[in-house]
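> One-letter residues, chain by chain:
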Amino acid sequence: MIALRPVIGGRELANVVGVASGTFGYGSEYERHLDLSGIGALYTKAVTMHPRPGNDVPRIVETPAGLLNSIGLANVGRERFVVEKLPGFASMPCAVIANVAADFPEEYAEVVAYLDANDPTGALWGYEINVSCPNVKAGGVALGSNASEVERTTRLVRTATDRPLIVKLTPNVTDITQIARAAEAGGADAVSCINTVVGMVIDTARRRPVLPAGTGGLSGPAILPIGVAAVYRVSRAVSIPVIGMGGIMTTDDAIQYLMAGASAIQVGTANFVDPRIATRMAAEIERFAIDAGVDSIEGFHSLLEPSG
Amino acid sequence: MIALRPVIGGRELANVVGVASGTFGYGSEYERHLDLSGIGALYTKAVTMHPRPGNDVPRIVETPAGLLNSIGLANVGRERFVVEKLPGFASMPCAVIANVAADFPEEYAEVVAYLDANDPTGALWGYEINVSCPNVKAGGVALGSNASEVERTTRLVRTATDRPLIVKLTPNVTDITQIARAAEAGGADAVSCINTVVGMVIDTARRRPVLPAGTGGLSGPAILPIGVAAVYRVSRAVSIPVIGMGGIMTTDDAIQYLMAGASAIQVGTANFVDPRIATRMAAEIERFAIDAGVDSIEGFHSLLEPSG
Amino acid sequence: MPLFTARVLANQEVAHDYYQLDFSWISDAPRPVPGQFLTVRVGSSGVPLLRRPFAFSDAAGERASMIYWRRGDATRAIAGYQPGDAIDVMGPLGVAFPEPTDGAVPVLIAGGVGVGPILFLANALAARAPYPILLIGARSAQGLPRVRVDGRVQLRTATDDGSAGYAGTVIDLLDRTLDITAGDVELYLCGPNPMLRAGHDLAARHGIPAWVSMEQTMGCAVGACMGCAIHLTGVERYARVCTEGPVFRSTDVDWERL
Amino acid sequence: MPLFTARVLANQEVAHDYYQLDFSWISDAPRPVPGQFLTVRVGSSGVPLLRRPFAFSDAAGERASMIYWRRGDATRAIAGYQPGDAIDVMGPLGVAFPEPTDGAVPVLIAGGVGVGPILFLANALAARAPYPILLIGARSAQGLPRVRVDGRVQLRTATDDGSAGYAGTVIDLLDRTLDITAGDVELYLCGPNPMLRAGHDLAARHGIPAWVSMEQTMGCAVGACMGCAIHLTGVERYARVCTEGPVFRSTDVDWERL
Ligand SMILES: Cc1cc2nc3c(=O)[nH]c(=O)nc-3n(C[C@H](O)[C@H](O)[C@H](O)COP(=O)(O)OP(=O)(O)OC[C@H]3O[C@@H](n4cnc5c(N)ncnc54)[C@H](O)[C@@H]3O)c2cc1C
Ligand SMILES: Cc1cc2nc3c(=O)[nH]c(=O)nc-3n(C[C@H](O)[C@H](O)[C@H](O)COP(=O)(O)OP(=O)(O)OC[C@H]3O[C@@H](n4cnc5c(N)ncnc54)[C@H](O)[C@@H]3O)c2cc1C
Ligand SMILES: Cc1cc2nc3c(=O)[nH]c(=O)nc-3n(C[C@H](O)[C@H](O)[C@H](O)COP(=O)(O)O)c2cc1C
Ligand SMILES: Cc1cc2nc3c(=O)[nH]c(=O)nc-3n(C[C@H](O)[C@H](O)[C@H](O)COP(=O)(O)O)c2cc1C
Ligand code: FES
Ligand code: FES
Chain A
214 MIALRPVIGG
224 RELANVVGVA
234 SGTFGYGSEY
244 ERHLDLSGIG
254 ALYTKAVTMH
264 PRPGNDVPRI
274 VETPAGLLNS
284 IGLANVGRER
294 FVVEKLPGFA
304 SMPCAVIANV
314 AADFPEEYAE
324 VVAYLDANDP
334 TGALWGYEIN
344 VSCPNVKAGG
354 VALGSNASEV
364 ERTTRLVRTA
374 TDRPLIVKLT
384 PNVTDITQIA
394 RAAEAGGADA
404 VSCINTVVGM
414 VIDTARRRPV
424 LPAGTGGLSG
434 PAILPIGVAA
444 VYRVSRAVSI
454 PVIGMGGIMT
464 TDDAIQYLMA
474 GASAIQVGTA
484 NFVDPRIATR
494 MAAEIERFAI
504 DAGVDSIEGF
514 HSLLEPSG
Chain B
214 MIALRPVIGG
224 RELANVVGVA
234 SGTFGYGSEY
244 ERHLDLSGIG
254 ALYTKAVTMH
264 PRPGNDVPRI
274 VETPAGLLNS
284 IGLANVGRER
294 FVVEKLPGFA
304 SMPCAVIANV
314 AADFPEEYAE
324 VVAYLDANDP
334 TGALWGYEIN
344 VSCPNVKAGG
354 VALGSNASEV
364 ERTTRLVRTA
374 TDRPLIVKLT
384 PNVTDITQIA
394 RAAEAGGADA
404 VSCINTVVGM
414 VIDTARRRPV
424 LPAGTGGLSG
434 PAILPIGVAA
444 VYRVSRAVSI
454 PVIGMGGIMT
464 TDDAIQYLMA
474 GASAIQVGTA
484 NFVDPRIATR
494 MAAEIERFAI
504 DAGVDSIEGF
514 HSLLEPSG
Chain C
17 MPLFTARVLA
27 NQEVAHDYYQ
37 LDFSWISDAP
47 RPVPGQFLTV
57 RVGSSGVPLL
67 RRPFAFSDAA
77 GERASMIYWR
87 RGDATRAIAG
97 YQPGDAIDVM
107 GPLGVAFPEP
117 TDGAVPVLIA
127 GGVGVGPILF
137 LANALAARAP
147 YPILLIGARS
157 AQGLPRVRVD
167 GRVQLRTATD
177 DGSAGYAGTV
187 IDLLDRTLDI
197 TAGDVELYLC
207 GPNPMLRAGH
217 DLAARHGIPA
227 WVSMEQTMGC
237 AVGACMGCAI
247 HLTGVERYAR
257 VCTEGPVFRS
267 TDVDWERL
Chain D
17 MPLFTARVLA
27 NQEVAHDYYQ
37 LDFSWISDAP
47 RPVPGQFLTV
57 RVGSSGVPLL
67 RRPFAFSDAA
77 GERASMIYWR
87 RGDATRAIAG
97 YQPGDAIDVM
107 GPLGVAFPEP
117 TDGAVPVLIA
127 GGVGVGPILF
137 LANALAARAP
147 YPILLIGARS
157 AQGLPRVRVD
167 GRVQLRTATD
177 DGSAGYAGTV
187 IDLLDRTLDI
197 TAGDVELYLC
207 GPNPMLRAGH
217 DLAARHGIPA
227 WVSMEQTMGC
237 AVGACMGCAI
247 HLTGVERYAR
257 VCTEGPVFRS
267 TDVDWERL
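Chains as they are written, first to last, in the numbering used here: chain A, 214 to 521; chain B, 214 to 521; chain C, 17 to 274; chain D, 17 to 274.
Next comes chain A alone, as it looks inside the complex (with noise of 0.2 Å):
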């Protein structure tokens, strides 16, 4: 029996690989065809103060190895996340973690003060507290490259709840090590990365850029170099847990992103092609451990060997 049972903030998740937010709805989506219980976490698409419609239309188009997307965060806003959402968490086989998006620090923790009031016998494992949205005005990207706004927001957060809090980077930063330990300082239990990377699509038949928004975030197998170095470096910055996201298909990816440091994973763009990816994922990296003689998330770390 080996352990691969990521701890953040002294509770214990299933398994390592995670769904990531906004790539698999509110599980609702696919509970009835799926067993979800195979899966470490599911992350919630952003929960918000206000509804919000979401962005323009279209909303996602492909590029390269890569998806390119700007929802802008479209939801039910937390009352009705409270009513519509939560009582399904409750008997979902699986820890559900909030992801949770504002416009401005203050405005995080009150989203955070409200699930958390609202949601006594804990439905809600925890909370990813998203400052890396690229296709918002405010609170996102913007919010997310500044480290004394992410400290702070950090803090007030954390003064708005006990359980769990993973605060997601944005890679669109000049040194993404320097937000991650601002996170940190500011009381978070881990940190995920990546969110999307800034992008831009132009239909030249059209003149236009695809999406209305003109920029939107890339996602997928094109980005997969970029979150390895960047959970890479983070890993070697915080002495919190690191949870490595950004263009995962394939069990040796999510290695890669184990062996870089991080101590769990999520799989995003990758649910749209295969929904089912999640739950192989965890029990193809179980097997890797048992194959390679590892049999804890350190031990994982302790595989690669230090380069140049």
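Just so you know, these hints were derived from the structure itself, not from any lab. Note that the Cβ used here is the ideal one computed from N, Cα and C, for glycine as well. Keep in mind that a hint or two might mislead.
[Said to hold, decoys possible] Residues from chain B that face chain A, not an exhaustive set, calculated with beta carbons under 7 Å: (1) A278; (2) F317; (3) V411; (4) P434; (5) A435; (6) P438; (7) I439; (8) D465; (9) I468; (10) I503; (11) L517; (12) E518.
Following the hints, complete the assembly by docking chains B, C and D with the ligands onto the known chain A.
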């Protein structure tokens, strides 16, 4: 007759398609086999103060729709460059632009001054200052992500030469427009972007990063949307020409850059796939322009309808 | 949302650059109905990355079909499939075309990639009177699909260049058809957006109900990602094509903001 | 560095997971010689992105060949090529194996993907005495290629599991062979790095010259990108496999730093 001739620092290039630094050597490797007269500009492999052997091997690895490299500016140094390479440039049927790298601002100026002094016949059309290499300890991304250092470097180089001066920007920063404005303030005639994106690939079987240096620079189709977004933003932030690159494989990719605001483009990794590509693309862009009724580079820019 | 590996049974060109793919349908998956779609994963290299949605053009027993336009990477790859090849499919997805109101004549209009689902609907509605009228449009004769249509369906074709059938757009033909069709009529349209919109306008002018099957680029195809939104009429209202659609009442669609 | 579209003439399995691809060679391109290689572009989707290098295993008239191991995306795709298919090739590239010193017996050692170039060399050297000795190693009998070898070549095989030929590595077999070969000997090796290194060590012990054909991931394949460097002996010396190689004198290679 249409004139898609980029003007940089008062000089004209034959067409909008260049071959990017590091991907076409010094032209001599291709000269015997290809007609280089259809190329708008050949950007040389980086030249440095002293010869550099380059980084440990292996130096390249393929990623999903991308290429990760850690060449480490392997080159013969400015002296052998002048003796061995310059004479060939004089007879080259296309403009040759020296890509210059260094460890610190003064050294950039010194290399440029040396080249200028040793090239009385003007075999070098101009210079591209590489403050964006992710694969060196000094003078690369570290310098290129600091706006005031970029401005100072540009200013120093500006005093060393009257030839067209292009500053090549890194995408690995929070706000590339800020760095672009610094280059403009320092006296650059144009900026080029993007250099490669920091990434890492781990060989899970050998349990180490494929590149001994750990991280490398990501190029190729994977980064196309990242480059287009950068050019879109930079071209709206500065009033000097912007030279776009990153992941261009097809004529449509190139036109995305031109519509986004580029006044010229460079083809890098695609040369490895097909060394004839730049010449073909230049012809196809002309044809597109004719069909679209565009008779100048600015015409491309105004094709793009304003977004959102 | 069953996900499974189907087998290609046949893959044949039915018009210029249009193909019909027949594949096995597992018996315990829900039986697809007209208007619903499936998604197909093409290759495993990451290019093309996303699954591609296609409407069912038929489904009976352990067999289902789709008609697709060979236009880009994914559909070019699909055109190369041979009988016996495995395909990774997910479906049936989305909501179906509603039944016509009792006694109304269903008039079905297809263009381009809309042929598949409209054909499926026509053959389904042929089982009861009043029998459907099916109008298929194409640029020219070679774009008209060679497909099996139930004998009770009244089929008329239109070509822009007049090389076959009515000379004009399929909407022009619809206009003529409405003029000569007695009693209640209900429209069902699938095809390019300009065609759908013209059909909607015509329906509005005649005061008849119209159903349209819409397209949008899809991520998850099951309602989870909010990627496939289109504008509905009303203030900032969006609907997901994959789950609230692809079939919509034409008056619900915001035709100004597609 | 001619670049052109060749036609597949044949594509056949010659050992377990090894194939021989024969293709047309245009008459005005230089005639490839043993040790040289070509690069092949596979697909156009960006995955796989880079051209792939393969050594020539033969070249005569308007025909050339390579022997390849089906191991990853590109070689799997190549294994699917049919006679008549177009392939985008660039070559001949790199330096050739040098001629053996007059009178020396050339002993050629191949393992894995090294079979192609070594076979080409063996058949070329068979034209003159002393005739070459060819040693081919594989894990087991099914890994030994079924290929055409000139009758004057002395061919011996080795398998790690003893299922065919000599039971042991091809380097063990080389050791035995050197013991029983009179006169001057010159070694030519191509295969996995550990095999090359063991061959080099043996050559050094016996004081005989050895040539090795090296591999490195390639970008441009024409000397422009500095991507394909390997370490040579001496202080910080690198060489480009694509242009200074792929064939090197074994004493020039820094075997500690591969
Ligand atoms: C509900 C629905 C039903 C459809 N039914 C059919 C059908 O029966 N027959 C048919 O031929 N086509 C149908 N389509 C369109 C079909 O999905 C596209 O033709 C196909 O995705 C093209 O892929 P490609 O790689 O060949 O071309 P590409 O060059 O990738 O794309 C061409 C166009 O296809 C569309 N497209 C690409 N990716 C997606 C995606 N993930 N989701 C949706 N659209 C995409 C885009 O508009 C793009 O401009 C349907 C689409 C939807 C949404
Ligand atoms: C000079 C030279 C001659 C070669 N001759 C032969 C030959 O005759 N027969 C043969 O089967 N193979 C030969 N190879 C190796 C061949 O290039 C690889 O087997 C091929 O690239 C594998 O591609 P893939 O996509 O199938 O596998 P992948 O899974 O992409 O790669 C498998 C391995 O192939 C190597 N490789 C991948 N891309 C490249 C590249 N761009 N350049 C070089 N190596 C790469 C890497 O080591 C990688 O780990 C030669 C290589 C070189 C450098
Ligand atoms: C369609 C889509 C919607 C997303 N929505 C969110 C979101 O609401 N909150 C968030 O933190 N990240 C969101 N993301 C980012 C993903 O959670 C993930 O960080 C990113 O896609 C990289 O992982 P991947 O390459 O595996 O997809 C979204 C990504 C996609 C593709
Ligand atoms: C192998 C390789 C070597 C490179 N060397 C240099 C260099 O010496 N100087 C430089 O400014 N950029 C260098 N670059 C970056 C390219 O010039 C270009 O900015 C980048 O590759 C993005 O373009 P692409 O995606 O078209 O390749 C190099 C890129 C590659 C792939
Ligand atoms: S495609 Fe994801 S919600 Fe419709
Ligand atoms: S592959 Fe570019 S120098 Fe050898």
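> Take the shortest C-beta to C-beta distance between E518(B) and chain A; is it under 7 Å?
holds (4 Å)
> Interface hint check: I503(B), Cβ to nearest Cβ on chain A, cutoff 7 Å. Holds or violated?
With Cβ-Cβ at 15 Å, over 7 Å, it is violated.
> Going by Cβ atoms only, is P434(B) closer than 7 Å to chain A?
Since chain A brings a Cβ to about 3 Å from P434(B), closer than 7 Å, the hint holds.
> Hey, does the F317(B) contact hint survive, CB to chain A under 7 Å?
violated (19 Å)
> Hint I439(B) vs chain A: min CB-CB distance below 7 Å?
holds (5 Å)
> Mind checking the CB of A278(B) against every CB in chain A and telling me if the closest is under 7 Å?
holds (4 Å)
> With a cut-off of 7 Å, does the beta carbon of L517(B) approach a beta carbon of chain A closely enough for the hint to hold?
holds (6 Å)
> Would the hint on A435(B) be counted as holding, given a Cβ-Cβ threshold of 7 Å to chain A?
holds (4 Å)
> Does D465(B) hold up as a contact with chain A if the rule is Cβ-Cβ below 7 Å?
This interface hint holds because 6 Å falls under the 7 Å limit.
> If you take the shortest Cβ to Cβ gap from I468(B) to chain A, is it below 7 Å?
holds (5 Å)
> Quick one, is the V411(B) hint okay against chain A at 7 Å, beta carbons?
Interface hint status for V411(B): holds (5 Å vs cutoff 7 Å).
> Please verify that hint: P438(B), Cβ, nearest Cβ of chain A, below 7 Å or not.
holds (3 Å)
Checked against the numbered hints above, the structure violates hints 2, 10; every other hint is satisfied.
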